[in-house]
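Novice: Residue strings, one per chain:
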Amino acid sequence: MAETLLAALVSLDGTGHYFHWHWIDISYANLTVIILMVVVFVVALFLPFPGRRNKKETR
Amino acid sequence: MSESPDVKVAPWTGPQRPYDILKEGTIALVVVAILTIGLAIVFSSPDDPQVTVQQWSTKAPIDFAQTALSELNGTSGTAQYGAPYNTASPGQKLGPFTLAKWLGATIPVNTVRDFVIDPLTDQPPTPTLSAALAQWKGAGAGQRTAWLDAYTKASSKMTFANGTVSVPTTAAGPVPVMINSLEQMARSGALDQALVTQSGFYTSNYTLPLLFLADGSYLGDLAQQRHLLGSQWGMMNETGSYPGQAWLWLYTFWYQIPPFSTSTNADVEVSAVMALLSVLLLLVPFIPGLRSIPRWTRVYRLIWRDHYRSQSA
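Just so you know, the sequences run in chain order E and V.
Mapping of the first sequence onto the numbering used here: position 33 corresponds to residue 33, and the numbering continues sequentially without gaps.
To convert a position in the second sequence, counted from 1, into the numbering used here, add 1000.
Do not rely on the hints blindly, as some may be mistaken.
[What the hints assert, rightly or not] Here are some chain E residues pointing at chain V (derived, C-beta under 8 Å):
{"#": "1", "residue": "A8"}
{"#": "2", "residue": "V39"}
{"#": "3", "residue": "F41"}
[Said to hold, decoys possible] Ranges between beta-carbon positions, derived for each pair:
{"#": "4", "chain 1": "E", "residue 1": "F41", "chain 2": "V", "residue 2": "M1235", "range": "32 to 40 Å"}
{"#": "5", "chain 1": "E", "residue 1": "M37", "chain 2": "V", "residue 2": "M1274", "range": "14 to 22 Å"}
{"#": "6", "chain 1": "V", "residue 1": "E1003", "chain 2": "E", "residue 2": "F49", "range": "49 to 57 Å"}
{"#": "7", "chain 1": "V", "residue 1": "T1197", "chain 2": "E", "residue 2": "A8", "range": "28 to 36 Å"}
{"#": "8", "chain 1": "E", "residue 1": "V39", "chain 2": "V", "residue 2": "T1297", "range": "34 to 42 Å"}
{"#": "9", "chain 1": "V", "residue 1": "T1197", "chain 2": "E", "residue 2": "F41", "range": "46 to 54 Å"}
{"#": "10", "chain 1": "E", "residue 1": "H17", "chain 2": "V", "residue 2": "P1288", "range": "14 to 22 Å"}
{"#": "11", "chain 1": "V", "residue 1": "A1040", "chain 2": "E", "residue 2": "I34", "range": "32 to 40 Å"}
{"#": "12", "chain 1": "V", "residue 1": "G1104", "chain 2": "E", "residue 2": "A8", "range": "21 to 29 Å"}
{"#": "13", "chain 1": "E", "residue 1": "S11", "chain 2": "V", "residue 2": "T1058", "range": "23 to 31 Å"}
{"#": "14", "chain 1": "E", "residue 1": "T32", "chain 2": "V", "residue 2": "A1033", "range": "39 to 47 Å"}
Derived from the structure by calculation, the hints contain no laboratory data.
We treat Cβ as the ideally placed atom computed from N, Cα and C, and that holds for glycine.
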């Protein structure tokens, strides 16, 4: 019962998969995280600051 | 002499606006907490069972027995490692600097005593084992070496059947009994306990079982299957399909390329390179060229595009 409650909804305990190119060897899980980090960085650059239009600048 | 445009910056005289760092920090904390809890519920966390000496000796009894022999005859990785375990070799060096040797054997490990003799001595005594241990302890170094040499020469024909390790030699004195007793002790799980409790009853010090396991090939084979070896960028990886320590990419990158990939001092050399790069990162504001990258790339103009747009209008 406890095991069922504590088990992951999506199990990642299976065999890992790896992207191999020359001497680069990276798991798809790590690659996904790195791509997500780059996407978040780029999105943060282009998204407008929240509430920018409403805030008054002061001198 | 004109000053660099990275240093000589005019003070800001334009508009300013309030910024609540506590509010921003709280929002970031809440978002990260929700993400962490949510991802933990969906994916849980890696939970690979611990590798034990019992498991090793059960699944690879010959490898265990060969490793036990290497601990006895001083040819194991631990026995020949040097500092911090012993003085058998200078250990890792950085150019002419024998850094490991300078620090000395701070975690002394005597492979004969710690991995074989002490655990066997702590066993409930049997006449055969007691006689073998007494024979070993009563013998001189020359006699022990002769026994070990005889056993080592015949060990390529080692077999395992019905829970017993067999080696075709009659000149090895007490060594066959000692290796067999250690094998049986390991398969019962008693050796795991004996190796851990040498540093007290309540302990989380797994140095000895981990060193013993690492001297065999069973642990390395498991690591290779799971893509955890240093040569497989293993420092970045986790077991299963979980993402690992992606931020260690630069650290583990050096291990993949010459001269580090073929060096016996790779650990200390890579640490030195990373220390040097860390110092360079700290000193970026003082390094001409490097400190100009933000000015050249103009990413700041993208972030503050409204301001620069209004300026040019």
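Novice: Return the status of the interface hint for V39 (chain E): holds when the least beta-carbon distance to chain V is below 8 Å, violated otherwise.
Specialist: Violated, about 14 Å.
Novice: When you take the CB atoms of T1197 (chain V) and F41 (chain E), is the distance between them in 46 to 54 Å?
Specialist: About 50 Å separates the Cβ atoms of T1197 (chain V) and F41 (chain E), which means 46 to 54 Å holds.
Novice: Tell me if the beta carbons of V39 (chain E) and T1297 (chain V) are separated by a distance inside 34 to 42 Å.
Specialist: This hint is violated: roughly 19 Å between Cβ atoms.
Novice: Would you say the C-beta atoms of G1104 (chain V) and A8 (chain E) sit inside 21 to 29 Å of each other?
Specialist: 46 Å, violated
Novice: Indicate whether the distance between the beta carbons of A1040 (chain V) and I34 (chain E) respects the range 32 to 40 Å.
Specialist: 21 Å, violated
Novice: With 39 to 47 Å as the target window, see if T32 (chain E) and A1033 (chain V) comply at their CB atoms.
Specialist: 22 Å, violated
Novice: For the range 32 to 40 Å, tell me whether the beta carbons of F41 (chain E) and M1235 (chain V) fit it or not.
Specialist: Given a distance of about 23 Å, which is not inside 32 to 40 Å, the answer is violated.
Novice: With 8 Å as the cut and Cβ atoms as the points, is F41 (chain E) at the interface with chain V?
Specialist: This hint is violated: F41 (chain E) lies away from chain V, its Cβ roughly 10 Å from the closest one there, beyond 8 Å.
Novice: Hey, does the A8 (chain E) contact hint survive, CB to chain V under 8 Å?
Specialist: For A8 (chain E), the interface hint holds, since the closest Cβ of chain V sits about 3 Å away, which is under 8 Å.
Novice: Okay, E1003 (chain V) versus F49 (chain E) on CB: inside 49 to 57 Å?
Specialist: Because 32 Å falls outside the window, the suggested range is violated.
Novice: Is the hinted range of 28 to 36 Å satisfied by the C-beta distance from T1197 (chain V) to A8 (chain E)?
Specialist: Given a distance of about 34 Å, which is inside 28 to 36 Å, the answer is holds.
Novice: Given the range 14 to 22 Å, decide if the beta-carbon distance of M37 (chain E) to M1274 (chain V) lies inside it.
Specialist: This hint holds: roughly 20 Å between Cβ atoms.
Checked against the numbered hints above, the structure violates hints 2, 3, 4, 6, 8, 10, 11, 12, 14; every other hint is satisfied.
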